[in-house]
Amino acid sequence: MKSNVKILRMNPNIFITWIFIISISMIFVSLISAYIVKKGEPGGLIINLPNMFIYSTIVVVLSSLFKQIAYFSAKKDDLNKLNYFLFASILSGVSFLILQYFSWGELVNSGVFFVGHPDGSFIYVITGVHAFHLISGLIFIAIVLFKSSKLEVHSKNLNLIEMSTTYWHFLTGLWLYLYVTLYLYN
Amino acid sequence: METKLKTTTKVNVDHEEHHEEHHELGFIRKYIFSEDHKIIAKQFLITGIFWAVVGGLFSSLFRIQLGFPDLDLSALSPIIGNWLTPQGKIDAEVYLALITMHGTIMVFFVLTAGLSGTFSNFLIPLQVGARDMASGFLNMLSYWFFFLSSIVMFISIFVEGGPASGGWTIYPPLSALPQAVSGSGLGMTFWLISMAFFIVSALLGALNYITTVINLRTEGMTFFRMPLTIWAFFVTAILGVLSFPVLLSAALLLIMDRSFGTSFYLSDIYIAGEALANEGGSAILFQHLFWFLGHPEVYIVILPALGIASEVIATCSRKPIFGYKFMVYSILAIGGLSFVVWAHHMFISGMNPFLGSVFTVLTLIIAVPSAIKAFNYIATLWRGNIIFTPAMLFSIGLVSTFISGGVTGIFLGNSALDINLHDTYFVVAHFHIVMGVSAFFGLFAGVYHWFPKMFGRMMNNGLGYIHFWLTFIGSYLVFFPLHYIGMAGFPRRYYSFSTFQAGNIESFVDLNVFVSYAALITFAAQFILLFNFFYSMFRGKKASENPWRSNTLEWTTPVNPGHGNWVGPIPKVERWAYDYSKTGSKEDFIPQNIPYSKTPESNLPDDDQH
Ligand code: HEM
Ligand SMILES: [Cu+2]
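Residue numbers (this note's numbering), protein chains in the order written: chain A, 1 to 186; chain B, 1001 to 1610.
These are computed hints drawn from the structure, not numbers from a lab. Just to be clear, a hint being listed does not mean it is correct.
Distance condition first, Cα-Cα at most 25 Å in a straight line; then the derived DMTMM-like pairs of lysine to aspartate or glutamate [said to hold, decoys possible]:
(1) 39/A with 1279/B
(2) 1598/B with 1587/B
(3) 39/A with 1268/B
(4) 150/A with 78/A
(5) 147/A with 78/A
(6) 1325/B with 1606/B
Sample of chain B residues at the chain A side, in silico, Cβ under 8 Å [unchecked claim]:
(7) 1241
(8) 1259
(9) 1262
(10) 1280
Beta carbons are placed, not taken as given, at the ideal position from N, Cα and C, and that holds for glycine.
The shape of chain A in the complex, shown without the other chains (with noise of 0.2 Å):
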């Protein structure tokens, strides 16, 4: 008779960050499909996807190595290749927020307003959420940047890192999600 049977566990800080990831993707899930429901219709906009979503995209992702690398160095305890990295991402993260502003501005110029034709309102709204939840994972990093400085991230304490990664890759590997889905489906 089995008495002691070993139970699944994982780190429930990394499990917490799993599922909530899975909520923001509902968010995103349900948008994304009432976008596709509505271009489905007839009479919509015509819209050109701003250029400056190319540049945007090589950003963000540019943005997730630094942070994947700032997370292989506090695994080595090279803490002053963290803080560098740390500080790359922010920074190329605060770019891609930039550029996000500049292709709306792209999007205005070519008559696409966020008042207006749903169609078009829809890409304000869908990558006007995506850059709230970058923010969120900005200020993620700059704590982790804040408790680096301070010496708390290293190879025994990597929980926070860990997370904050995670999330940030979550919000590059979307980005290219709703990028693709907007370009297939105009």
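Here the structure of chain A is known, so what remains is to put chain B with the ligands in place on it, guided by the hints.
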């Protein structure tokens, strides 16, 4: 670098050890901003009770309007003066606001936060054998977001123009245009803000419930040894994580439409002969987003109640729950299917009839796991050694109402029938019996059953019986006649029927009067419970550790479990939760922490299956 690092290295303190050191917390940290799941559970319960009273009062008011449309309520004007017309009748727009707030309060604030919030919080750590939730801090935040949301919703009742009044489903364009009805002004804005906080609260709670169930189970607590309460709370939390964000999207787009002039839900609208500028949106989009949450939401409401009933029925029948694994699979099936039936709320929204029939089939399939659960409850009761505690009565009552209400769901699920029944009182009867009454019964059963563990005292049984019979009979008298009123074609959410001149409407006026009387009496009966609850908290008979002779882990804690729940180590789990009346055993129950090695007289060859 290296040396510096060593001095500052923090070793992760193991969760277990952390609790051993005893520190007294101040009053504020202990009772107000508490991170203890038991205190948070009580906070949810008390707030839920407050809202239940408010929601009940509102329904009494509009039942008065429906039953006695000519009554002069001027006597109440000191309290609700500005809700009355000069003739002392409830104002027509106030009526709409009352039903809207009643629905919102009952569905979200009472039966979601009050029920799940209370019992998931209270029971998950206690029954899986954990010192507390995975994150006490997030758990505390979850309550305080709920509190904030409650405050905002409460204030909305008093703002200029009154609270939201487009129904709890807040369909646009009604809710999107302040010109449409006065409740769509400031009241609607408050509603949306409040619900945004509510969603955050629900998500934080669900995050914790899921993580705790997966990661903090005690040694030996395999998934298939978990009590059905835990399974129910667990699946409920998963439904919440997947569906509440969608409501957030729906609300977000509505906020954009209301405050920034976008047209997600608006198109071709004329107000007083003048066309609005909004072009290209679709009100149906909102219905899809809303019901993608809305249908799972009704199972978020009922699953915890069913979980509670499983536990109480097994304990008080002194029998193992019938078909434990089928119960688990049914919960999972209901959870899964609840995401693919939402459009049965939209059969008459102009949906393609073919799509309608797809949703009809999917909807009818969900009746199968629901029926399995009902049969299993009955089979558990069958030839049991039934002990009729108030909790048991309410659980049996739940089985009854869940069946009567589920049956009418099958009618509504057929798109062809629903064309007639949609938006009539038939729907109101359906969901009040299957969701409202059943979930309330689950809540009551939970309160009566776990009161001893919550407050260390027993509730009064006699008052419990009176409360049960009045509530049980009363609920049927309120909601059963509504089916007939609905089949006769009375639409829901109408202020007055006396001006109707269709068919033999007069013959239903009596029925409406009857329903109103029944509703008022049933509502009044709830004060018996309230009295019992607060009186027993201070004066009730002292409880023993395990008053119901139950198997689950929470009954192995002290009468008043402290922070950390168990003094000494957490018990190990050695068996499933339902070893009641096992052949050969002296006692008619064997708690989960008793190893098989201590019960050779009752062991069966296949015991390690559990
Ligand atoms: C046997 C399974 C069930 C079936 C087939 C079913 C079917 C339906 C259908 C088709 C409707 C839409 C009626 C209309 O608006 O015209 C409906 C409404 C509703 N059902 Fe059920 N139902 C079932 C069980 C439940 C359960 C278990 C709950 C809650 C615990 C529930 C709660 C509701 C609510 C709240 C509404 C009305 C929402 C509103 O319009 O305000 N139903 N049901
Ligand atoms: Cu439904």
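Hint check:
1. For the proposed pair residue 39/A and residue 1279/B, the alpha carbon gap of about 14 Å is at most 25 Å, so the pair holds.
2. Proximity of residue 1598/B to residue 1587/B is assessed by CA-CA distance (about 13 Å); at most 25 Å being required, the pair is judged to hold.
3. A threshold of 25 Å between alpha carbons decides the hint, and for residue 39/A with residue 1268/B the separation of about 18 Å falls inside it, so the pair holds.
4. In summary, the hint linking residue 150/A to residue 78/A is supported, as the alpha carbons are separated by about 14 Å, within the 25 Å threshold.
5. A C-alpha spacing of about 15 Å is found between residue 147/A and residue 78/A, which places the hinted pair at or below 25 Å, so the restraint holds.
6. Between residue 1325/B and residue 1606/B, the direct Cα distance comes to roughly 15 Å. Compliance with the 25 Å bound is thereby established for this hinted pair.
7. Interface restraint check for residue 1241/B: the shortest CB-CB distance to chain A comes to about 5 Å, inside 8 Å, so the restraint holds.
8. Annotation: residue 1259/B was flagged as interfacial toward chain A, and the flag is violated, the nearest CB pair being 11 Å apart, outside 8 Å.
9. Residue-level restraint check for residue 1262/B holds (minimum Cβ-Cβ distance to chain A is 4 Å; threshold 8 Å).
10. Annotation: residue 1280/B was flagged as interfacial toward chain A, and the flag holds, the nearest CB pair being 4 Å apart, inside 8 Å.
Checked against the numbered hints given earlier, the structure breaks only hint 8 and satisfies all the rest.
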